[in-house]
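**Q** Sequence:
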Amino acid sequence: MGKKVFQMVIPICVGILAPFGSSVYTPGLEQVMSDFGTSTEVALLPFVFYLLGLSFGPVLAAPVSETYGRRIVYLSALPVFAAFTIGAGFSTNITSLVICRFFAGLVASPGLAIGSGSTADLYRPHKRAIPMAVFVTSVQMGPVLGPLIGGFVTEKRNWRWTQWVILFGIAIVLAITLGAKETYKDTILKSRARRLGIKGPPEPQRTPIEYFKYFAKKTIVRPLHMTATEPIVLFWNIYTAFLFGLLNAFFAAFSYVFKTTYDFGLGSVGLTYLGQAVGSVAGLTIIVFISETIWAKELAKIRETDLTATLPTEKKLILAKLGAPLLPASLFWFGWTARPSIHWISPVAAEALFSCANLLIFTCALMALQDCYGAQYGASAASSNTFARYLAAFVFPLFAVQMFEGLGTGWAASLLGFVSLLMLPIPFVFQRHGESIRAKSKYRPDE
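Numbered continuously in the numbering used here, the sequence shown closes out at residue 448.
It should be emphasised that the hints constitute simulated quantities derived from the structure, not laboratory data. Do not take every clue at face value.
Calculated lysine-lysine pairs in the DSS-like style (CA-CA distance at most 25 Å, straight line) [said to hold, decoys possible]: (1) K441 <-> K322; (2) K443 <-> K214; (3) K4 <-> K260; (4) K298 <-> K128; (5) K443 <-> K186; (6) K316 <-> K441; (7) K186 <-> K128; (8) K5 <-> K182; (9) K298 <-> K316; (10) K4 <-> K191; (11) K322 <-> K128; (12) K316 <-> K443; (13) K322 <-> K302; (14) K4 <-> K128; (15) K316 <-> K302; (16) K260 <-> K157; (17) K316 <-> K128; (18) K191 <-> K5; (19) K298 <-> K322; (20) K5 <-> K128; (21) K191 <-> K214; (22) K5 <-> K186; (23) K182 <-> K4; (24) K182 <-> K128; (25) K128 <-> K302.
Put together the whole structure using the sequences plus the hints.
**A** Below, the structure is given as C-alpha cells:
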C-alpha cells in the first residue's frame, strides 16, 4: 500500500506542476506589458503558447510510455522542462519568452499525459476511482494555485519570480521521481526477463524508415484514429476539451470581472480562486463517498456470482450525470450575480460549483477511457484527450476577456452555459448505449 502511494505521488505532483506553470504567469501580465512595451493580447501569448505546448506533448509521450515505460518519460521530460523555464525567466524580449514558454509546456505535458496511465498501472478498476479522483483534483488544483501564488510573488518581487517558483517545483518532483520504480507491466516483465537471462519473443527487425512508420503509427495515427472512429473517445474529448477551455478562459475572465466589478487587486483576485479549490475538494469528497458506498455495494453484489468481475463502466457514469447539470447552473449563477450590488462571495461560490462539476465530469471521463481501452490502448486514448483539452485551453483565453467586455458578464457566462447544456446528454447517452458501443470497438483491451 505504501509503495503504491509513493508511486502515485509522482503523477499527482506533475498533475499540479504542469498546469500550475500556465496560470502562475497570468498575474504578471501588466508587468510583462511594461517591461517589453507590448499590448495585453501580446503579453497573453506566453500563457496561451504554454497551453499550446501542453496540447502537443501527449501525442508523443503516451505511446512512448506504452513502448518504453512510464518512468523514462518522467525522467527525460523534467530536466528539459527546467531548462526552458530558466530560459523564460531570463528572457529579454517577448519573442524569446513566448518560445521558451511554448517549449516548457511541450516538455511539461508528457508527465501530465501519462498520469491516468500510471494510475491504471497501480490500481485495478474497482480500486481506481479514488486514486484517479485525487489525480484529477491535482490537475485542477495546479491552475487554481497558480494565480494565488503568482499574484503575491508578482506583487512582492516581479513576474520573473513566477518562473523561479516553477523551477523550485520541478526540483522537488525530479528528486521524488529518481527514487521511483517503473509501473508499466510490459516494461517490468521485459526488464525482469533480461535480468534473469530469459529470452523473450524476438523483437521485429526494422529499418529506420520502418521504425519511423511504426513509431508514427503509435504516436500520431492511433490517437487520431481512435478519436475519429471511437465515439467514446470522440465525445469525451469534446466534453473535457470544453471544460478545460472554460477553466483556462476563466483565469483571464475572472481577473477581469473581479477587478472591474469589485475593484480587487492582484493578491485579492488570486484569493478568489480558493473558491475553485473548495469546489475541487467537495467533488473529491463526493467521489470518495460514492466509491466507498454505492460502488462498493454494487461490486460486492456482482462478485457473489463471479469473484473476478469488475464494475461495468456504465455504473461509474453517475459522476458525470451529477456534474453535467451542475456545470450550466454554475455558469448562469456566476454570470448573473457578479455585479456591484451583490456581494463578491456569490460569484466565488459559483466558481466552487463550477470546479466541483468539472472534477466530477473529468474524473468520470478519464476512468471511462482507461476502463474501456485498458493499459494497451488507454494511454493513446488519454493522449488524444489531453491534446484536445489543451488545444481548447490554448484557444479559449484568446477571446475570453473580449467576450466578457463585449457581451457583459451575464450574457458571456450565459452563452457558455447554453453550450454546456448541449453537452449535458453525453453521459446519459453512454449510460444507455455504452455497452453496445464498446462491443463494436476495434480497440478492446483483450485484443
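**Q** Provide an ascending list of the numbers of those earlier hints which the structure does not satisfy.
**A** The structure conflicts with hint 3 only, although it agrees with all the remaining ones.
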